[in-house]
Amino acid sequence: MKTAVIIFPASNCDRDMIIALEKITGHKPHIIWHQNTNIPEVDLIALPGGFSFGDYLRCGAMAARSPVTKKVIEHADRGGKVIGICNGFQILTETGLLPGALMRNESLKFICKDVNLRVENNDTPFTNAYKKDQIITIPIAHHDGNYFADEDTLAALEEEGRVAFRYVDDKGQPTKDANPNGSRNNIAGIISRRKNILGMMPHPERLIEDAQGGTDGLGFFKSIINAIN
Amino acid sequence: MKARVHITLKNGVLDPQGKAIQHALSALGFDGVKDVRQGKYIELDLTETDKNKAMTSVEAMCKKLLSNTVIENYAIDIE
Amino acid sequence: MKARVHITLKNGVLDPQGKAIQHALSALGFDGVKDVRQGKYIELDLTETDKNKAMTSVEAMCKKLLSNTVIENYAIDIE
Amino acid sequence: MTWNNTIEITKQLVKEHGLSDDEYARCLKILGRTPTLTELGIFSVMWSEHCSYKSSKVHLKTLPTKAAWVIHGPGENAGVIDIGDNQAIIFKMESHNHPSYIEPYQGAATGVGGILRDVFTMGARPIANMNALRFGSPEHPKTRHLLSGVVAGIGGYGNCVGVPTVGGETNFHPSYDGNILVNAMNVGLATQDKIFLSAAAGIGNPVIYVGSKTGRDGIHGATMASAEFTEDSEEKRPTVQVGDPFTEKLLIEACLELMATDMIVAIQDMGAAGLTSSSVEMASGGGVGFAFNLDMVPQREEGMTPYEMMLSESQERMLIVLKPGREAEAKAIFDKWDLDFAVIGIITDTGNLTLTFKGEVVADIPTQPLADNAPEYKRPFVMTAPKASLDPKDVPAPSDLKQALLTMIGSPHLCSRDWIWQQYDMQVMADTIQKPGGDAAVVRVHGTNKAVAISTDCTPRYCYADPVEGGKQAVVETWRNITAVGATPLAITDCLNFGNPERPEIMGQFVGCIEGMREACIALDYPVVSGNVSLYNETNGTGIHPTPAIGGVGILKDSSKMVTIAPKNAEEILLLVGDTKGHLGVSLYLYIMQGSEKGTPPPVDLALEKKNGDYVRSQIDARMISACHDVSDGGLLVALAEMAMAAKMGMNITLNNGDIPLHAYGFGEDQGRYILSVAQDKADDILNSAKLMGVSVQKIGQTGGNDFMLNDNITISIPDLLDTHRNWMNNYMNID
Ligand SMILES: Nc1ncnc2c1ncn2[C@@H]1O[C@H](COP(=O)(O)OP(=O)(O)O)[C@@H](O)[C@H]1O
Ligand SMILES: [Mg+2]
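Chains as they are written, first to last, in the working numbering: chain A, 1 to 229; chain B, 1 to 79; chain C, 1 to 79; chain D, 1 to 736.
Treat the hints with caution; some may be incorrect.
[Unchecked claim] Examples of chain D residues lying across from chain C (beta carbon under 10 Å, computed):
# : residue
1 : Gln106
2 : Asp217
3 : Phe246
4 : Lys568
5 : Glu571
[What the hints assert, rightly or not] Beta-carbon label-pair distances, calculated as ranges:
# : chain 1 : residue 1 : chain 2 : residue 2 : range
6 : C       : Ala27     : A       : Ala155    : 36 to 42 Å
7 : D       : Gly303    : B       : Leu14     : 44 to 50 Å
8 : A       : Glu22     : D       : Thr261    : 23 to 29 Å
Keep in mind that the hints were calculated from the coordinates and are not lab data. Where is the CB? At the ideal position from N, CA and C, for every residue including glycine.
Full structure from sequences and hints, please.
Okay, here's the thing in structure tokens:
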């Protein structure tokens, strides 16, 4: 499986993503600086977390208009797989590849902690290694992860099974207390209609070794390998 | 030539910042604040001297970068 | 009664956001943008119907909460 | 141009620049003539307390700074220690107290930015941030606002640059009501043969300015005086600098990219006193001169004067001496990262800092005397008078011990700091293996088996009661915390926060703390490799508690051996290492339950500390231990409750307090103690090794169940403990 990680100015989870992909695929991803518009043929493009362009103006806004992003859109339009984690998710909504927007957390504070996620749909290239309704623990670390979409969009996302992960409590219930940031319908991650694009706020790449406190993030990467091979 | 751009959230889009301000104001004892909305205010200093051209150009900037039209509206003043 | 508040950085205070926006605009091919400053725009919906009283109250809000007077200025419009 | 560099230098102007008569006389002697305005400004900032250490230098010199593993001690931007395999750890702590009080968000944010630059300027990739914070009483009307802003600022900066903030400390005490302390520490990782120093060399080499443009930020001293020389002085001088973490992140990456080449001769961040102190340090350090053309300095605002450019404290800037002819290559790197790059001058053989502006020489100062002949004061001091000691029997027992424990762990002083650390990205870089909440933070050395353990500590109430013991204890506590995770403590950085040094009793506190630190560092072979002094933390004649914050760093050779404070299984044996005498003087029990700060702090027995610590570390290293926690603020019962909460598992404790009152035994703060949780089948071996090493260890209980149980008559459920522990700060901060 061939992968590429795009680096924008002030991406800062790029190294974590590169390591996770290398560990799981056995191959070092192509590392693409945002001014480089020659992305080689790959199976997967990853937009890592961080604060691209300082998160100034709106999170992901400037990265979404960066020259390399046009190429990412072309790759996605051809059906290529794309993941956006945290800032990557914000970039994907800013480009329009995924619907909705990520707004300031309801508490207005940056939040870094482990959260419970429920796997809502395991029939996707990003979740097939998990069981449906499985509860996994993944860390979040963001200031703007409050997912917003209008009612029609939300209804469509739910109906089409495009909510990949939802914030839930220990019992697997999407309660208000389990919602760390105010996201509509406790949404933590969504996929595109063609199921080839995923955006999520939590960071699976931070939980792939016991030393990091757990390995619940591994399933995410294994799913992609299953889907591609 | 100066352009002033106001970027505000569309109706129906929840505004966590506005809500938090409203809450904080009431906690500080300011009563009678029915609603608060927070937006952005951007001042641009342009070399362009033709008002119409400036307007066209700033409109393009708003569409392309300054606002996210999924959730935001913009308004431009040129002077 | 509506109050509109503009909060802007004082002269000479670094505006990293404005700088980054200016840079991004030029990367997108918008030439002739000499300077960009980003501020906040806050709309308040008040129950108060007396313009003077509203002004006094919003001024107090600006000083106490809405603006950081160490680095920001504020301007209020009531209508 | 209305600016006039040859304005008459009046007595008044000299005074407004903070130079004493004697200092001005020195300045005249060095120059052999009257200074220009720009020169006066340069002398004024170079000889400020902040840059010259004029009150503290004679005492700082007494601190031990050497060990086999110290590569660079004080004198460089940060301390450098050897961690094997050609790798080095570079670290330093610095204060940003005053700016954080004026504008908590930006003050704290720029504090983080500044300390990052001190570390990466030496060639290290920053891998961990720490923060040591002191606020006034929670009841003080400003405290909430300050805490909220400072924490948001530290997070806002550290999160954006992508360096995890992994630990720190937070105290509340009314002595900080008018002077909060914001001390930021950064730890970086470098390759030993790629360490960069600031001493300039190579006559004719180009001097490069990179980073953000220079604005009129934070120009101190002569605000009013120099305002007269500008046309419209209104709003020209914001006193607060705004941080730009985005630019800092680019600067880190660009500098590290440049450092990977062989183009750099010397490099230095522009910290306090910006272009002035960086250029004087580089030139005097290398025994060379610098000739700058100030017209080349990237400027953010129009009409900036040489005076302003030299004194500006704009953030995110660096000064670099390149090898000749490498400018274009270097520029390409900074272009890639969209950062300003300007050749602003060259190295000369004059030994002078020579500044030209619009074709005129505006300053020409010999740098060696400017740096070396800075004033140095032996300020008079009176040592703090010894306090009367406090007999534990004279401290009333609580009416309800269970309630007392809950009150303590639910107090501002001992409650969970999760409200704070959840605002920090603790895991970015994916190498954090021990997050806040334990004894020391632990971060892996990327790509190796090794890990760095870091802890910041100081108990200001001890330092106030007895500066010498307090200074000792601060050093020892970091050593103990690092030991408790299984690491070997190597060296410290310090941030010495005190009141007005011109008052003999404050100077006495300073001298006392240094004395205690010195003794501890020597006994533990734990030298000081970097640090910072912040004086004049004082409002209306009331100084803060003396606060020598210590940042300790240690190394774990095998990170898989690390332990945390959470026992791993039920039915483990809980062992107490060290002797318990029930010392309640200046304890938190006394402060929280009796509202008193009477007595003397618990004495530190350095030999015993070392023995107990070495024992604990050896047992962790032998994989004999499931969990370990040192006993500090709040004493034994608080430490045990913290272990139970971390494991979310109950424990059953039986204390043999003999003739010591139970509350003194349980809450006394005797030093040199640890609690170990060990599997049953290992307990005998552990006790035997203790006997062999002459360490006092006793069994005090067992893990398991859903309750925290003491002496069969006190039972608290774990959820109750957890809620009580978490509630205070979350409730306090969520009231608007
Ligand atoms: N309290 C202290 N203990 C040990 N070294 C100190 C202390 N204070 C300052 N130093 C050392 O003095 C030098 C100058 O400190 P400072 O001016 O804070 O550095 P910078 O200019 O890089 O910010 C540094 O090498 C620092 O480590
Ligand atoms: Mg420095």
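Query raised in the report: Checking against the hints above, which ones are violated?
Result: 4 and 5
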